[in-house]
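Knowing the structure of chain A, use the given hints to seat chain B on it.
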Amino acid sequence: MLTLLGVAVIVVGFALRFNPLLVVVAAALTAGLASGMAPLEVLAAFGKAFNTNRYVTIAWLVLPAIGVLERCGLQERARMTIQGLKGASAGRILLAYLFLRQATAALGLTSVAGHAQTVRPLVAPMAEAAAESAGPVSDPDRERIKAMSAATDNVGLFFGEDIFMAIGSILLIVGFLDQSGITVEPLHLSVWAIPTAIAAFIVHGARLLLFDRRVASKAQVQS
Amino acid sequence: MIGLPLVYLVAGLMFAAFAVMSLGDRTNRKRLGNAAFWGLMAVSFLLGDRLGDLGNGVLVLALALLAGTGQLGVGTPATTSPDERQDLAHRLGARLFLPALVIPVITLIGTFAFKAISVNGAPLVEAKNATLIALALAAIVAAVLAQVMFRQPATAPLQEGRRLMDLVGWAALLPQMLAALGAVFAAAGVGQTIGELAAAWTPVDSRFAVVAAYCLGMAGFTILMGNAFAAFPVMTAGIALPLVIGRFGGDPAVVCAIGMLSGFCGTLLTPLAANFNLVPAALLQLKDRYGVIRAQAPTAVLMLVINVVLMNALAFRA
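So the protein lines, in turn, are chains A and B.
Residues are numbered in this note's numbering as their position in the first sequence, beginning at 1, plus a constant of 71.
Residues are numbered in this note's numbering as their position in the second sequence, beginning at 1, plus a constant of 543.
Derived from the structure by calculation, the hints contain no laboratory data.
Model, not experiment: these values are computed from the prediction.
Any given hint could be a false lead.
Unchecked claim - With a cut-off of at most 30 angstroms between alpha-carbon atoms, the simulated DSBU-like pairs for lysine-lysine come out as follows:
#1 B/K573 to B/K830
#2 A/K119 to B/K671
#3 B/K658 to B/K671
#4 B/K658 to A/K119
Claimed, not checked - Interface residues of chain B toward chain A, partial, derived using beta-carbon atoms under 10 angstroms:
#5 V662
#6 P666
#7 P814
Every residue, glycine too, gets a C-beta built ideally from N, C-alpha and C.
Extracted from the complex, chain A is given alone in its bound form (with noise of 0.2 angstroms):
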């Protein structure tokens, strides 16, 4: 029980938001601790796990590439193919991608877009630039756009990858039931992935496009 106390210093140190790095510290001291290991122990542990989880940080590695591409006017390159188009909106272009992230990860396509690959340089400045077309952008409907791509991309990533069969975590499924005893056929749960797919394609999209109403409305009544 006293092991909890460890989640206790998550929850209470990212509300008050202290630095998050400080905090997994001691969130990791606090559990090592109370479950009966020596500081030391627990220190020692903490830094194998942290040695063997490198290749979380190896994504890191697109970055000189999309610096360059950025130093040479990709983000102004991707807002002057937006301006020239007739219908774009924020939401709509927003749509778009939504739907090619969920079909690109439901081919098992995962690592093709993403926060830094495409996001950034490309994503974000498409749809500002989308909306601008329809009047100024007021700053926080600025941030509002840009943190609506990121949360377009994770939605699209995590309904669409469980559709592909050889992902990590339907072969988790498959491995925890087989020790269990019972045995299901990987196919069989990404076909069960897809009704939750397409009601997430519905949800997050209609929110988009509700999205596009609320930036134009405030537009129309500040010009």
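Frame of chain A; chain B shown alone:
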């Protein structure tokens, strides 16, 4: 065989370059802090396997203290002005998209092709890490291609990379830290305890109640742990296997598939899923650290409700 060690070497060299360049950046008042932070990251990637567990622990502690005491600033390497970028965008046109497209294309081809290539009977690339290795290769090719195609200075990729890295700052390390925390939590038995509590509180007599308890439990546990994969074994063993499947005869494939997706609703709601929720806020320079979570919260909550309804409707057809 090409495996993660080679990729770690490349990443280590990149962080080392960020550290050296940070040190020379006189515009950044906190340049020593930045140099120390990215320098320690370089040490982790280049020498992590030789430091020993305790050595790595001390390294993590140092990184967290540097970030937690506000030693990191934002460097401002010389870059193009907004007007220059506008001109370049006009001049270079659609060619600008080419290196950006190279990243997904090479990642995609590499993911499949690497597994098929073998030299003298031994596979060229470690199969289970094919995607990561392909992504690293794609990133390098795209950076070099952009630098050569658009005749940028030789240091541009690393300086521009540092510019973005400083914008993300300590948040760049958070996903890896949280993954490590997950391991410590698992060793301390945190998940087990929560699973037992959830199972003890679940009302057992109503089918709808156990379905709702499983879906909400998956989401809630994921919010606390930051990862649906950590929640799944615990919640499924605690609630789904004995009750939803065992007592009420739910179809395991439906229950587990929708259960996992309920966990993903939790992922959308938690700052602990840093790489999805906090890192993009830093990358997009949002003023609100939790802005992305706020944007996706209504979708997540609605989807959780829909998952409960779907599981209830689809799992008990027989």
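Quick rundown of the hints versus the structure:
no. : hint             : in the structure
1   : B/K573 to B/K830 : 21 angstroms, holds
2   : A/K119 to B/K671 : 21 angstroms, holds
3   : B/K658 to B/K671 : 9 angstroms, holds
4   : B/K658 to A/K119 : 29 angstroms, holds
5   : V662             : 24 angstroms, violated
6   : P666             : 18 angstroms, violated
7   : P814             : 5 angstroms, holds
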